[in-house]
Structure formats: structure tokens, C-alpha cells
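Start from the sequences, fold in the hints, and give me the full structure.
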Amino acid sequence: MGIETQLRRAITVFRFVSLGYPVVMCAVLYEHLAQPLVAPALVAGMAVWTAAASGSYVKHGFLRSIMYTDLAVTAGAVVASTWALALTDRSVPISVGPWLAGAVLIWAVAGGRRRGVIAGAVVAAFGMAFRGGPTEHTFSEAILLILTGLMVGHFTRLGVEAEQRLREAAARSAANRERERLARDIHDSVLQVLALVQRRGNAIGGEAAELGRLAGEQEAALRSLISSDSYRHPFDGQRDVRELLGRLAGDAVTVAAPAAPVRLPSRTAGQLAAAVTSALDNVRDHCPDGTRAWLLLEDQSDEVAVTVRDNGTGIEPGRLTEAAADGRLGVAQSIEGRIRELGGKTIITSTPDQGTEVEMRVPRPRRKAGSNGDARRDR
Amino acid sequence: MATLVVIDDHPIWRDALSRDLTEAGHEVLACVGDARGALTAIGQMRPEVAILDLQLPDRSGVAVLRELGEDTATEVLVLSASGESDDVLEAVKAGARGYLVKSAGTAELLEAVERVAAGDAVFTPGLAGLVLGEYRRLATAGADERRPSLSERETEVLRLVATGLTYKEIAARLYLSHRTVQNHVQRTLSKLQLHNRAQLVRYAIEHGIDEDA
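As you go down the protein sequences, you meet chains B and W in turn. Numbering of the first sequence is given in the numbering used here, commencing with residue 1 and proceeding in unit increments. Numbering of the second sequence is given in the numbering used here, commencing with residue 1 and proceeding in unit increments.
Because the hints were derived from the structure by calculation, they are not lab data. On a predicted model such as this, the values are computed, not experimentally measured, just so you know. One should not assume that every hint holds.
Claimed, not checked - Only some residues are given here: those of chain W computed to face chain B with a beta carbon under 10 angstroms: (1) Asp8; (2) Ser103; (3) Ala118; (4) Ala128; (5) Ser177.
C-beta atoms are modelled at their ideal positions from N, C-alpha and C, and glycine is treated no differently.
Structure, rendered in C-alpha cells:
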């Protein structure tokens, strides 16, 4: 049930209950009424209109015509009450009381702040004009009516917006559930078949092995797609480095990482991933075909480390510094430069014919208080 | 050669696996497709090795491992297409002896079966990364003096496994014997499993769950 419906119900209850005021007043002061026959008729008319208007609001929503009539009837009741509820022994007739606010509330809920204020002002103006001018009583009544229109209109808007957001969040979470279900299904069917094709292909050899290799690549890609955490985390300026590195995994690249998200500010995570990518590019460009590479991601609370190791030909001692000195920036710039910019350091170890190991360590920026409890395990 | 039970809910995959294992000289005692069947088959046939998929239709592979507990003589090798690292870590903590992804080659699989049958842990680089991460998490998770930790040597060995070195290469690099490397790896796993069991028992006692219940 929407917030508007609930408010409408509450207003309906209020309008009927508030009729009690003129009823009680008339009963108490019955002997002093100037028009003892007309007074009950006016109150009865107000009750009939309240029922009719409320019924229409429930059935057809806030129809413009009914709302105008509602306001007109309320103003009419104010005018009529000066005569119908007049007392023989007092100069001021009985007022219709808080019932006046009913129409103002309806306008505020249906139309927001502005219309709420307008409705409040209209009713107050009638009161002031026909019930003895700007006295203390009519003045405070006017303020209360206008304030009611303003506040109720404002809070209704807030409520409706919150409701909207809640609905969107629910829709998003339903979409995520659906995606998880799809992921399970893909996992149970497609991935199994792809893995099987890869396996049998390799066993048969020849062209089939090529098919198997392709199936294997697709399996890895699809798996990283459906196990991606990105859609489970709201964007908060942080990224899970596992997700970025996971995309680099493939036939020749194996990724090892913790089970829990390794979160870094987006920019830092992106730079780190870019440095890792250039380290891998380096392996591809300078090592013979069939060279494999391994990535290890480690979360050490105050820093994040990525190690890239390959089983290629290795780099001869001095080659890197030479290249940098020659102005060929390659590794120095794209890996070390990026990491240095993040305040981290790079250690390159290499032995000819035994592959190369590039270790990149990036400090984790001090997290703001309150944002650090984001449960490294909660996924 | 080992006696085996294969647990996987995909008949085609199961058959292909079973054929490869039989061709390599192993004896496949049974192929089952769900957790209930797995527990029955392992309980009655007492195979040396069970090859277990983590995603089963009735209960998860992790649940099967928990149910088996430590009394069983069967070593479990998890073979899963799962990229869900949490599942893999839970499976290993619950007592699995090793883990391979389904895309692993036949030779790799056969070697893993033999090693698991011999009681050795089978670590892929991916699993080593998960185990390293788990120890780090335990180290920062709070002040529990009973939590396990890695020795410097164990960390070093695990990091090398995680970056793709074979035990032989690690042994050569650290001037250790192959057996010693094997033992280091083994110990990182058994410490985690022991801790996990202790936690489960503690949880059970705290929540008044009787062992027999």
C-alpha cells in the first residue's frame, strides 16, 4: 500500500472524528442556538459531504473537480456557520472547528506544499472575512491552516520520494536475484559443457584441441562475468581489485586472490590494474609463445600487493635500467611509474631462463572513520 | 591405483571423467549425482578418493564434506567449475584434500588423484591465494589467541605455489627437499581445518547443540 493511500485513510478518519466538535458544541449550547433546526442540518450536511468526498477519493483518487468542490463546500460551511450556528447570547457563533483542515489536508497530500498553502489560505480568508475580521482567533486559525498545508505537503513529498527510492531499490535487488539465478543456471549448464568440450578437445588433439582451447577461453570469460561482484556492491568510490585482475585471467594467465573483496579507491585500483596489465603485456611481447604468467593478489590491510610471475626467458641484469637510461621507458614508466605515483614500490627479480617476478606494493589510503567497517567478508 | 567415487550432477561430465579414470587404471566404484547419494556411496563403499563437485542439486558439496567429518578414511578432491572462491575456501576448510577447476587437463587430474590418494594436499595457485588470504583475514580479524598463523617459511612456500611454481621448483629455489615443501603446504591446510573444526565444536557447545543430535 502506497503512502498516499495511507494518508488518505488517515485524513478520512480525521474528517469524521473532527465532526464531533460542532456536534458536541451544538449539543452543549443547544438552548442558546439562534437556529436550533438549521444547526443540526448544517452539521448533517457537512457529514454527508465528508462521506461523499471521501468515497470519491477512495474510488477515483484525487479528482480535480471533487477537490475544488471540497474546498468550496468547506468555505461554504464557514460562511453558513456564521448564521446557522449563531448563538443568542454571544456575538461569535460556534465554529465548524478542526473539520476545516480536512480539505486543506487533502489539497496538501494531493498537490504538495504549494497547493496545501493555497487551500489553507482560501479557507482562512473565508473565516477571516465572515467571522469577524482579523481577530486573534481568526488570525491564529489562518496561521495554523496555512502551516498545515505547508507541512503536510512537504512531508508527503518526502514520503513519496522515499517510497519511490524504496521501490527502485526493491526492483534492483530483484534484478540482482534474477541475475544470480541466471548465473546459477549458466553455471550448471553452459560452463559444464564448455569445460567438457575443452577436456575432450584436448584429449582428441589436432583441430579438436583448438576448439577445446576456444571453449576453455569462453568458459573462463563467462565464469568471471557471472561471478563478478560489481553488481552486488553499490558504487562508493571503491573497487574490488579481484574483479579487475579477474578479467586478465585466461589460458596463459592464472589469478590467485583471497576469498574476500580487496577494496581500494577506484583510481588506485585502476592504476594498479593498469600496471599489472603492462607487466603482462611485457611478458607477451618479450617472451616466447607458450609462456605462462601467474598473478597473486594479497591484502595486507595497510597495503595491497600484486605479484606477476612468468616462466619466460627472464631479463638480463641491467637491461631495465639501460632501457630507461636510453629513453625507452617501457617497463620503467608503465609499471614503476604508475606504482610510484600511488606511493608504492616495485621490485623486479629476474634470472635469465628462469622467468621474471614483478612485485608491486601499493599502500592503502587511511580510510575515513565509519567507512572502514564495510565488512571485508560481507559479500 | 585408487578406488574412487565420482560425485557430479552432470551425467555427461561424470561419464567422461569416469572413463578417463578407468582408462588410467583406477577403479570407479560408483558415480552419483547428489549429496545424499554421495554420503551413502562413501559410507558403504569406503573409496580411497571421492571426486566431489561443489554444486549439487540437493545440498552443497561443502555440506557433504562437513557431514563426512574427520572419521572418514576417504580423501576428497574437489573438482568444480565454481569460480565462487568462498565455496572453495569453505570446502577446503571443511576437510577437502585438494581442489582443481574442471578445465584442468586429464594429466593434471590424474596426478591430483594419485597425490590425494597418497594423502597429500593438492594445491592450485588459486587455492594457495585463497589460503594465504584466509590466514591474513584471521590475523586481522581480532584477538583470538587460538587462531592459526603461518610461519615465515610457510608463507614463503605458499606464495611461491600461488605464483605457479611446482613443488620441485620451490624445493630447488629454497634448497629444501621435495618432501619438506610438501609438508609445509600440507601443514598450512591442516592448521586451517583444525581451527575450523575447533570453531564448529565451540559454536555447537555455545549453542547447546549435542554432538549426537
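Now the hints, each set against the structure:
no., hint, in the structure
1, Asp8, "9 angstroms, holds"
2, Ser103, "5 angstroms, holds"
3, Ala118, "24 angstroms, violated"
4, Ala128, "6 angstroms, holds"
5, Ser177, "20 angstroms, violated"
Checked against the numbered hints above, the structure breaks hints 3, 5 and satisfies the rest.
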